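Asker: Here the protein sequences come in this chain order: A and B. Positions 1 to 375 (full-length UniProt numbering) are the ones given, in order, by the first sequence. Positions 1 to 375 (full-length UniProt numbering) are the ones given, in order, by the second sequence.
A portion of the hints provided could be inaccurate.
[To be verified] To be clear about the criterion: a stretch of chain B counts as covered by chain A if any three or more of its residues have a C-beta under 8 angstroms from a C-beta of chain A, and this derived list gives those stretches:
{"id": "1", "segment": "38 to 44"}
{"id": "2", "segment": "72 to 80"}
{"id": "3", "segment": "347 to 354"}
[Unchecked claim] Think about it this way: if two alpha-carbon atoms lie no more than 30 angstroms apart in a straight line, the pair counts; the simulated DSS-like pairs of lysine-lysine are:
{"id": "4", "chain 1": "B", "residue 1": "122", "chain 2": "A", "residue 2": "289"}
{"id": "5", "chain 1": "B", "residue 1": "205", "chain 2": "A", "residue 2": "289"}
{"id": "6", "chain 1": "A", "residue 1": "250", "chain 2": "A", "residue 2": "289"}
In short, the hints are calculated from the structure, not lab data. Note that the structure is predicted; figures quoted are calculated from it, not measured. Where a beta carbon is used, it is the ideal one built from N, C-alpha and C, also for glycine.
Protein chains: 2
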Amino acid sequence: MTRFFFRLDATDGRARTGAIDTPRGTIRTPAFMPVGTAATVKGMMPESVAETGADILLGNTYHLMLRPGAERIERLGGLHRFMNWDGPILTDSGGFQVMSLSDLRKLTEDGVTFKSHIDGSKHFLSPERSMEIQRQLGSDIVMAFDECPALPAPRERVAASMRMSMRWAARSREAFGDRPGHALFGIQQGGLEADLREESAAALKEIGFDGYAVGGLAVGEGQEAMFACLDHAPETLPREAPRYLMGVGKPDDIVGAVKRGIDMMDCVLPSRSGRTGQAWTRRGQVNLKNARHMDDPRPLDEACTCPCCRNYSRAYLHHVHRAGEMIAGMLLTWHNLHYYQELMSGLRAAIAGGRFAAFEAAFHAERAEGDIERL
Amino acid sequence: MTRFFFRLDATDGRARTGAIDTPRGTIRTPAFMPVGTAATVKGMMPESVAETGADILLGNTYHLMLRPGAERIERLGGLHRFMNWDGPILTDSGGFQVMSLSDLRKLTEDGVTFKSHIDGSKHFLSPERSMEIQRQLGSDIVMAFDECPALPAPRERVAASMRMSMRWAARSREAFGDRPGHALFGIQQGGLEADLREESAAALKEIGFDGYAVGGLAVGEGQEAMFACLDHAPETLPREAPRYLMGVGKPDDIVGAVKRGIDMMDCVLPSRSGRTGQAWTRRGQVNLKNARHMDDPRPLDEACTCPCCRNYSRAYLHHVHRAGEMIAGMLLTWHNLHYYQELMSGLRAAIAGGRFAAFEAAFHAERAEGDIERL
Numbered sequence: 001m002t003r004f005f006f007r008l009d010a011t012d013g014r015a016r017t018g019a020i021d022t023p024r025g026t027i028r029t030p031a032f033m034p035v036g037t038a039a040t041v042k043g044m045m046p047e048s049v050a051e052t053g054a055d056i057l058l059g060n061t062y063h064l065m066l067r068p069g070a071e072r073i074e075r076l077g078g079l080h081r082f083m084n085w086d087g088p089i090l091t092d093s094g095g096f097q098v099m100s101l102s103d104l105r106k107l108t109e110d111g112v113t114f115k116s117h118i119d120g121s122k123h124f125l126s127p128e129r130s131m132e133i134q135r136q137l138g139s140d141i142v143m144a145f146d147e148c149p150a151l152p153a154p155r156e157r158v159a160a161s162m163r164m165s166m167r168w169a170a171r172s173r174e175a176f177g178d179r180p181g182h183a184l185f186g187i188q189q190g191g192l193e194a195d196l197r198e199e200s201a202a203a204l205k206e207i208g209f210d211g212y213a214v215g216g217l218a219v220g221e222g223q224e225a226m227f228a229c230l231d232h233a234p235e236t237l238p239r240e241a242p243r244y245l246m247g248v249g250k251p252d253d254i255v256g257a258v259k260r261g262i263d264m265m266d267c268v269l270p271s272r273s274g275r276t277g278q279a280w281t282r283r284g285q286v287n288l289k290n291a292r293h294m295d296d297p298r299p300l301d302e303a304c305t306c307p308c309c310r311n312y313s314r315a316y317l318h319h320v321h322r323a324g325e326m327i328a329g330m331l332l333t334w335h336n337l338h339y340y341q342e343l344m345s346g347l348r349a350a351i352a353g354g355r356f357a358a359f360e361a362a363f364h365a366e367r368a369e370g371d372i373e374r375l
Numbered sequence: 001m002t003r004f005f006f007r008l009d010a011t012d013g014r015a016r017t018g019a020i021d022t023p024r025g026t027i028r029t030p031a032f033m034p035v036g037t038a039a040t041v042k043g044m045m046p047e048s049v050a051e052t053g054a055d056i057l058l059g060n061t062y063h064l065m066l067r068p069g070a071e072r073i074e075r076l077g078g079l080h081r082f083m084n085w086d087g088p089i090l091t092d093s094g095g096f097q098v099m100s101l102s103d104l105r106k107l108t109e110d111g112v113t114f115k116s117h118i119d120g121s122k123h124f125l126s127p128e129r130s131m132e133i134q135r136q137l138g139s140d141i142v143m144a145f146d147e148c149p150a151l152p153a154p155r156e157r158v159a160a161s162m163r164m165s166m167r168w169a170a171r172s173r174e175a176f177g178d179r180p181g182h183a184l185f186g187i188q189q190g191g192l193e194a195d196l197r198e199e200s201a202a203a204l205k206e207i208g209f210d211g212y213a214v215g216g217l218a219v220g221e222g223q224e225a226m227f228a229c230l231d232h233a234p235e236t237l238p239r240e241a242p243r244y245l246m247g248v249g250k251p252d253d254i255v256g257a258v259k260r261g262i263d264m265m266d267c268v269l270p271s272r273s274g275r276t277g278q279a280w281t282r283r284g285q286v287n288l289k290n291a292r293h294m295d296d297p298r299p300l301d302e303a304c305t306c307p308c309c310r311n312y313s314r315a316y317l318h319h320v321h322r323a324g325e326m327i328a329g330m331l332l333t334w335h336n337l338h339y340y341q342e343l344m345s346g347l348r349a350a351i352a353g354g355r356f357a358a359f360e361a362a363f364h365a366e367r368a369e370g371d372i373e374r375l
C-alpha cells in the first residue's frame, strides 16, 4: 500500500509546490479542497467535481456524525463509497463546527457535550471520539480535535484554548494510533499572537504529525491580520510536511496564503456563492442576480473553459437564478469550482517556473480591471 | 434542409413504432418528451437528459413568455441556444397553462387575457400570439392554441369549448403559415364524448396539420376513462401523422396509450417525482423518504444502468433527500428519466418485433412483484 508521502518539488520565495501521495491518489499542492459537508458537494455530481481538477474533498465530521451517522456510513462501506468519490478525503475534527453550529454545548477538558442543530439530540465529541468517527468515515487525512475562539479574543482566552488544544492534539495522536496510508494532521492555534503560535508549533512538533494546519484563522480577523499571522506562522511548522490553512477562502486570500507557504486550503465559498447567484472570475466577483445580465448573450467569462461558460449566456444564468431553477446553482457552482482549480493550477505552474511574483501581479491586475464591461 | 417527416416502421395491433425526422434530429417513436418548463429540465444538465435517451424536449410557452419573455429569447438566438439543447423542441401553445396557472383570466372568442402568476403583469394569448411566441422561441414542433375544460364537465361545455378550439386551430394554421422544417400540430378535443372527438378530428383533418394531439385528457378523468377514450380517439386521426397524447403520464398510462396507437407523450412526473424523493422503477414506485431505506446498501434497481443506480445506495439517496441536498433531486430525476426512456426503448423494440402483448404482460408482472424486498 502506498504510504502517505509529501514531496516538495519547488519553492519560489516562501511559496511551495509539490504533491501528497496517498493510497487513493495524488494531491497536487497548493491544493484547494471543495467542501462536501453532508457527503455531497452541493449541486455537483462527484464526477463533475473531479472534472474541475479537484484532487481531494473535505467532509465535515460534525454534520456526518449527526446525519446519517458515522456508524451507519462505516456499515455502508465508508464515506468514499457512500458519496461515490474515489479520491482522497480529508475530514475535519468536528471541533470548530460544534462551537459554531450546535446548541447548548458544554466544554470541559474531556471534550464537548452538545445538542444537534438538526434534531436536538445529545452528543459528545472528544479527541478519542473524533478519531473514532473519522476512522469510521474512512477519512484519508484525519484532523486532530481542537477548539478555538472567534477573533478578536483576549490573549489569555486564546492562550488557554491553545494549550487545551495541544493537550487534545496529544490525545488525538494517541487515539489515532498507527494507520498506514492514513494521515493525522495537527492544528496550530494561538490566534494572532506570534509567541503563542510558536509555542503551539513546538508542542505539535514534539508530538509529531503527518501534516500541520494553521487553525483559528478566517474567523473574523480580516485579511490583513490573517496575512500578518501567515507572515510568521507557517514558518514555525516543519518544512517537510504539508501546511493546511483551514476554511480559506476568497481567491485573493488563497494567493496571499500560498505566497506565505500554505499548501492546502478548503472553503465553502465557491459552492455557496454559486447557489446564491454569485460567480468568481479572473475579473472578480459577478452577481448574476443583477438586471444588467438580463439581455447579455456573453458567457460569464469568455476565456473560461468550464461547461457553464462554454454553453450558457449571462442572460440564461440570470434567468434560471431568478426562476429558482436548480441548474442555476449547478452551473455557477461548477464554474466557481473550475475557476478555483484553475487558480490553483496557475499557482502551481508559477511556483514551479519561479515566476510567482509575476503571477501574483497579473492576478491582481486582472481583478482590478473589474467585470467585463456592459455591451 | 431536412423536412419534417414521419415514418411508420411497424405496427403491432394498434401500437406503432417509427420516427419523426426533423432538421434538428430524429425522434424515435413512441417517444417520451421530458418537460423543460422554464428552459431547463429541472435538476438536469441537458447533456444528461440526452444521455437518458431523450430525443426531444418540451418547453412551456406560458412560462417562457412571462419569464424571461419570448422576445428576449429570440434576441438571444432562440430557445435551443438559450438552454443549450440542440435537439428538437416541442412547445405547447400556452392555452392549457393559462387556464390552470394564471390569475384573473378572461376568455373570449379572440383569446385569453390574464395576469401572470409570477408578478401580476397583464398578458394576452390568442392563436396568432401563440404562433408568434412559438416562432420566437424557435420551436420545432408548434402546438395549435386551444382550450379545454377540466373533466368531468357537462357535454355542452365540452362541445362549445371543442368548437371554439377548432376555430382557434384554423386561426393557428393560418397564423403559422409555411415554415419548412417546422411542424404545426392540431389538438383534438371533445372530452370523453366519442362523437365530439370525431367531430373534432374531422375539423382538424379538414384544416390539415403535420401531427395531431389527443388533448383534454389526463385532466382528472382517471385512467379507465382515459383508456376508454383512447380506444377510439387516436383512430379518428390520420394514420400517416404522429399522434401525441399531452401531459401523460405514469408508466402504466404510457404503456396503455402506446397500445392504443399513441406516438408521443410528455409529463412532468419523472422530474417532479425525483425532486420529492420518489423513484419510478420496473417494480413500481419507490419512496426514498421511507426510513426502511436508511441502512440499505443496494441501489434503487440493481438492473438499472443509470448513474444513480450504478453508483449510489438507497441509504445514500435517503440521506441526501432528508438532508435537503440538491443531489437527491439530481440523481432521482436522472434515474426516473432514464427509466422512462428505457421503457420507451422497450416499447419500440417490442412493437418492431411484433411482441407488444408479451412486453405488456411482462411489464405488469414485474410491477406486481412490488419493490425489492427488505434485506
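Asker: Which hint numbers does the structure go against, in order from smallest to largest?
Answerer: Numbers 3 and 5 - these are the hints that the structure violates, sorted from lowest upward.
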